[in-house]
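Full structure from sequences and hints, please.
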Amino acid sequence: MSEREEQPANRLRKELPEEQPPGRPPVTDAPAGEAPQGDQPEPVAPTGRERLRKGLWPPRLTRAQLIVALLLFGLGFGLAVQVASNSESDGALRGARQEDLVRILDELDDRTQRLEDEKQGLEKQRDELENSSDQAEEARKQTQEKERQLGILAGTVAAQGPGITVTVEDTKGAVEADMLLDAIQELRAAGAEAIQVNGVRVVAGTYLADTDKSVSVDGNKINAPYRFQVIGKPQDLEPALNIPGGVVQTLEKEQATVTVEQSSKIVVDALRAAERPDYARSSSQ
Amino acid sequence: MIAVLGLVVGVVAGLLVRPEVPAAVEPYLPIAVVAALDAVFGGLRAMLDGIFDDKVFVVSFLSNVVVAALIVFLGDKLGVGAQLSTGVVVVLGIRIFSNAAAIRRHVFRA
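Taken in order, these protein sequences are the chains called A and B.
Each residue of the first sequence is one higher than the last, beginning at 1 in our numbering.
Each residue of the second sequence is one higher than the last, beginning at 1 in our numbering.
Calculated directly from the structure, the hints in this document are not laboratory data.
Backbone N, C-alpha and C define an ideal beta-carbon position, used for all residues, glycine too.
Careful: at least some of the hints might be erroneous.
Sample of chain A residues at the chain B side, in silico, Cβ under 10 Å [said to hold, decoys possible]: (1) 51; (2) 62; (3) 67; (4) 70; (5) 78; (6) 83; (7) 100.
Covered stretches of chain B (in silico footprint by chain A; criterion: 3 or more residues with CB under 8 Å from a CB of chain A, positions within the stretch not fixed) [stated by the list, open to error]: (8) 3-9; (9) 29-43; (10) 52-60.
Here it is as structure tokens:
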């Protein structure tokens, strides 16, 4: 498309740049692009269409053609590269300007921050819930433990542990309730934690009474031999019974035979029903 | 004809080779392409007007590209790169349109 420069009619315009400043009206903004009106009316100027046809065919290998081809090669190359790089998957960010990228980055940072805060809040909530459930579990465990301990005192659960077995043989029927009560008091004073006598659990409210020829514990009649099973520290319990003028001596004075036997495992499995007090209420709540 | 072949070969080569655009050149390539397009349209119009000159075309082509890139570079340095490149594209677009209109009159006589 460049061979027109050999045309003598155009020689005078040859040095003008092709995109013309407004100072050259015929070339740049002639409303009707057909030039003949102004500059070159005298020769029979070929029309643009003819020039185009001539430029395209036949192809001529001139210096101008080669240079323009080289430049257009560069243009096409750049065009294709730009289009290719722009249509890549990350094209949106690739073509973005620096300030846009900074803005996008800021927005992402804000978003990350918000999500991070939200995550922390949720984690905190989760921890609190876990803690509270842990605490509830712990409280439940403690309550159960306390219930067991209190159950041992109240006689509602069975107990086992080291302790002693005291057997009182009374062939003559001389043993009375107050002697047994003395024995129980002495054992309690020595730190007995759970006591049963002949299958009856002895608790705080236990009473002993004399019934004809025998003794009743909480209304249950028991007969000799009286067999105490006591959980506590054996080294404390046995001396407590054996002290001079103590339970053993008193009973032996009544012709009863007392046997004290230490054991590492005493089972107190007589139970009492848990009774709700009629009047007393817990004041701890 | 050879020039048109050059354009076609350039496009094909660009699509086939797919070179990584260097990061330093990346912001300027689109503007440079638009500026070169403007130069090409100007050259085409000049050819139809019968006033085409290869030296002028080469100089205008190269200076268009360089000036466009320079403006964008300057705009980036001044912090108005986005606006300035938009302005460059608008101006070049207007020129391309007016050149295309002249070419149309030559080719279609309308």
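Establish whether the coverage given for the segment 3-9 of chain B by chain A is satisfied; the threshold is a Cβ-Cβ distance below 8 Å, and no fewer than three residues must meet it.
holds (count 7)
When the nearest CB of chain B is found for residue 100(A), is that gap smaller than 10 Å?
holds, 7 Å
Per-residue hint verdict: residue 78(A), partner chain B, C-beta under 10 Å
Hint holds; residue 78(A) Cβ to chain B Cβ min 5 Å, cut 10 Å.
Can the hint on residue 70(A) be confirmed by a CB-to-CB distance to chain B that is less than 10 Å?
holds, 6 Å
Residues of the segment 52-60 of chain B with Cβ under 8 Å from chain A, three needed, outcome:
holds (count 8)
Is the hint on residue 67(A) kept, meaning its closest Cβ partner in chain B is under 10 Å away?
holds, 5 Å
For the segment 29-43 of chain B, do at least 3 residues have a Cβ located nearer than 8 Å to some Cβ of chain A?
holds (count 11)
Chain B contact restraint on residue 62(A) - CB to CB distance below 10 Å:
Holds. Min distance 8 Å.
So, residue 51(A) near chain B? Judge it on the closest CB pair being under 10 Å.
Cβ of residue 51(A) sits 6 Å from chain B, so the hint holds.
Under 10 Å is the threshold here; is the Cβ of residue 83(A) close enough to any Cβ of chain B for the hint to stand?
For residue 83(A), the interface hint holds, since the closest Cβ of chain B sits about 8 Å away, which is under 10 Å.
Every hint, counting from the list given before, is met by this structure.
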